[in-house]
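Novice: Using the sequences and the hints given, assemble the complete structure.
Residue numbers (my numbering), protein chains in the order written: chain A, 1 to 302; chain B, 1 to 243.
Since the hints were made in silico from the structure, they are not lab data. Treat the hints loosely; a few may be bogus.
[Unchecked claim] Here are the computed distance ranges between Cβ atoms for each label pair:
# : chain 1 : residue 1 : chain 2 : residue 2 : range
1 : B       : 11        : A       : 98        : 15 to 21 Å
2 : A       : 29        : B       : 42        : 43 to 49 Å
3 : A       : 21        : B       : 201       : 29 to 35 Å
4 : B       : 215       : A       : 178       : 33 to 39 Å
[Said to hold, decoys possible] Short derived list, chain B residues pointing at chain A, Cβ under 8 Å:
# : residue
5 : 26
6 : 33
7 : 59
8 : 78
Don't be surprised by glycine CBs; every beta carbon is placed ideally from N, CA and C.
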Amino acid sequence: MHIPDGLLSVPVWAGLSLVSAPAVAAAARRAQQQTEACRVPLLGMTGAFVFAAQMVSFPVGGGTSAHLVGGVLLALTLGPAAAVVVMTAILFVQALVFQDGGLLALGANVFNMALAGVAAGYLPCAIWGAGRWRAGAILVGGMLSVGVSGVLALAELTLSGVRIPATLLGVSAALFLINGVLEGVITLALLRGVKRIDAGLLTRTTAQSGAGWTVIGLLAVLVALAAALFASQAPDILESLTEKTGVASRARALLWSPLADYQTWWLGGSWISKLAAGLVGLVLIYLACLGIGKLSARFRSR
Amino acid sequence: MHHATLDQWARGSSALHRRDARVKWLVLVAYLAALSATRSLFPMCVLGFAALAAGAIRLGRLPFAGVLARAGVVAPFAGVITLFTWLGGEGGRALAVLVRSYLSAVAVLVLVGTTPLPTLLSGLTSLGVPRFLVLVVQFLYRYLFVLSEQAQHMRLAAASRGWQAGRWRPDPAGFRAAAGVAAALFLSSQAKAQAVHRAMLARGFQGRLVTLAPPALSIADLWFLAAGVGACAGLWLAANLFG
Numbered sequence: 001m002h003i004p005d006g007l008l009s010v011p012v013w014a015g016l017s018l019v020s021a022p023a024v025a026a027a028a029r030r031a032q033q034q035t036e037a038c039r040v041p042l043l044g045m046t047g048a049f050v051f052a053a054q055m056v057s058f059p060v061g062g063g064t065s066a067h068l069v070g071g072v073l074l075a076l077t078l079g080p081a082a083a084v085v086v087m088t089a090i091l092f093v094q095a096l097v098f099q100d101g102g103l104l105a106l107g108a109n110v111f112n113m114a115l116a117g118v119a120a121g122y123l124p125c126a127i128w129g130a131g132r133w134r135a136g137a138i139l140v141g142g143m144l145s146v147g148v149s150g151v152l153a154l155a156e157l158t159l160s161g162v163r164i165p166a167t168l169l170g171v172s173a174a175l176f177l178i179n180g181v182l183e184g185v186i187t188l189a190l191l192r193g194v195k196r197i198d199a200g201l202l203t204r205t206t207a208q209s210g211a212g213w214t215v216i217g218l219l220a221v222l223v224a225l226a227a228a229l230f231a232s233q234a235p236d237i238l239e240s241l242t243e244k245t246g247v248a249s250r251a252r253a254l255l256w257s258p259l260a261d262y263q264t265w266w267l268g269g270s271w272i273s274k275l276a277a278g279l280v281g282l283v284l285i286y287l288a289c290l291g292i293g294k295l296s297a298r299f300r301s302r
Numbered sequence: 001m002h003h004a005t006l007d008q009w010a011r012g013s014s015a016l017h018r019r020d021a022r023v024k025w026l027v028l029v030a031y032l033a034a035l036s037a038t039r040s041l042f043p044m045c046v047l048g049f050a051a052l053a054a055g056a057i058r059l060g061r062l063p064f065a066g067v068l069a070r071a072g073v074v075a076p077f078a079g080v081i082t083l084f085t086w087l088g089g090e091g092g093r094a095l096a097v098l099v100r101s102y103l104s105a106v107a108v109l110v111l112v113g114t115t116p117l118p119t120l121l122s123g124l125t126s127l128g129v130p131r132f133l134v135l136v137v138q139f140l141y142r143y144l145f146v147l148s149e150q151a152q153h154m155r156l157a158a159a160s161r162g163w164q165a166g167r168w169r170p171d172p173a174g175f176r177a178a179a180g181v182a183a184a185l186f187l188s189s190q191a192k193a194q195a196v197h198r199a200m201l202a203r204g205f206q207g208r209l210v211t212l213a214p215p216a217l218s219i220a221d222l223w224f225l226a227a228g229v230g231a232c233a234g235l236w237l238a239a240n241l242f243g
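Specialist: In structure tokens form, the structure reads like this:
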């Protein structure tokens, strides 16, 4: 989820850039100390691999496919500090050459995906290390990495005053969960494949774990939890504010009524109806994506 | 391919191509910041920002249609947000979101379209971005298309053997096959990195890329900086005074 320019308010992008810039600089210094000069091409090449790996689609059933995001894989193969640098480099190239994510929003995107995403993704591996729980750690890591990045992006948009309807928030949360599980499974499958071909490669690089990264990872997860709480509360806070100031009359859009306020019209106001509204939204988005995918595939094959 | 067009644009020659990369970075950031800090985008103000972007495209002799079409990549994400803001009953703000993200993308494209990436990156180094990070970006960009092409070949090979990504039924064998392809690509990237490094050592690499010293700022560069930043600041001031 790369935030483009023009959506974040000045305090949000400026504040996050102020956090991200020194953090990335520190990661770069650390990575430079840890890696011999010979690994500079390695870091760039592994970043290029993450780019290219997005063309490899993993079939997941239901007519859809998923691809690698890469945070956990980078942290496990290069070490977390170098992973932060490589992920930042990837986001930079995406923003500059592919217009995928904004340039002012780069600080925010780096914070979400390169700093918090990598730290949260590495957390289970930092705790459980290379023992028997390694596979589980990778799975949980993938989920945390994608979930934390996504939740932070939503919270930043909300903080910037972008009104995201509660239904859409629920749907996004479900999508992050699914994508997170897939990221974990893909990372695990990829590492197993690598091990089958060249068993020696991974043992050299995955030895580092440290208390420092455990703390940073926990911090990332906590920040994301706080952000999730904020994002889920913010619409209510904003709504009560608008009602108090008396401008709520226009704010209730007629068009939005089918799924308004989490409720489907044929069910009561219980949590079941919220779940149902979320699921209906999910199915609608799924069908829309499927349709767009089929159309674009048809265009491409011409 | 996308990058090929951009690289082609960047090799052109115009008044904007000749400006120093550092100066262009500063003007771009000023433009983006002014656009982002202007809360109420009324029509005159939008016209002002659009005119600046159009002037830059003209000055850089870039194809108008090409730049405008390419900037449309931001439409899906910004479009969704716009749609929901619109449905929330805030038509004006919804439009502002769309205009802002579109013009920002145009501005970034003008920078990338008038400056080769190595020059852009060395400009960043002299603006204080960590050299190590810039070096990684440089390697990443250099080998991005090599590996992408390899991935495409692998995809083509798989497709010609009857492999399909979007099946309805869960497809564990297909999933494992994809993992194998990705693993092979990964190992090939690691081997390439080693080979590249050996070749670099053989040519006397000592931990940093040596470039010619960045050219000193010319008078024209300084004028461009003053004019660009001044115009952006002026628009921002005007928008906040009259908006």
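Novice: Decide, hint by hint, whether the structure agrees.
Specialist: Each hint tested on the structure:
In this structure the supplied range 15 to 21 Å holds for residue 11/B paired with residue 98/A, their Cβ-Cβ distance being about 19 Å. Checked against the hint of 43 to 49 Å, the C-beta distance between residue 29/A and residue 42/B comes to roughly 46 Å, which is consistent with it. For residue 21/A and residue 201/B, the Cβ-Cβ distance of about 32 Å falls inside the hinted range of 29 to 35 Å, so the restraint holds. Distance hint for residue 215/B and residue 178/A: a CB-CB separation of about 51 Å, inconsistent with the stated range 33 to 39 Å.
Evaluation of the residue 26/B hint against chain A yields a violated restraint, the C-beta minimum of about 13 Å exceeding 8 Å. Because the smallest distance between the Cβ of residue 33/B and any Cβ of chain A comes to about 7 Å, under 8 Å, the interface hint for this residue holds. The beta carbon of residue 59/B is not positioned within 8 Å of any beta carbon in chain A (closest approach about 20 Å), and the interface hint is therefore violated. Given hint, residue 78/B at the interface with chain A, holds; its Cβ is 6 Å from that chain's nearest Cβ, closer than 8 Å.
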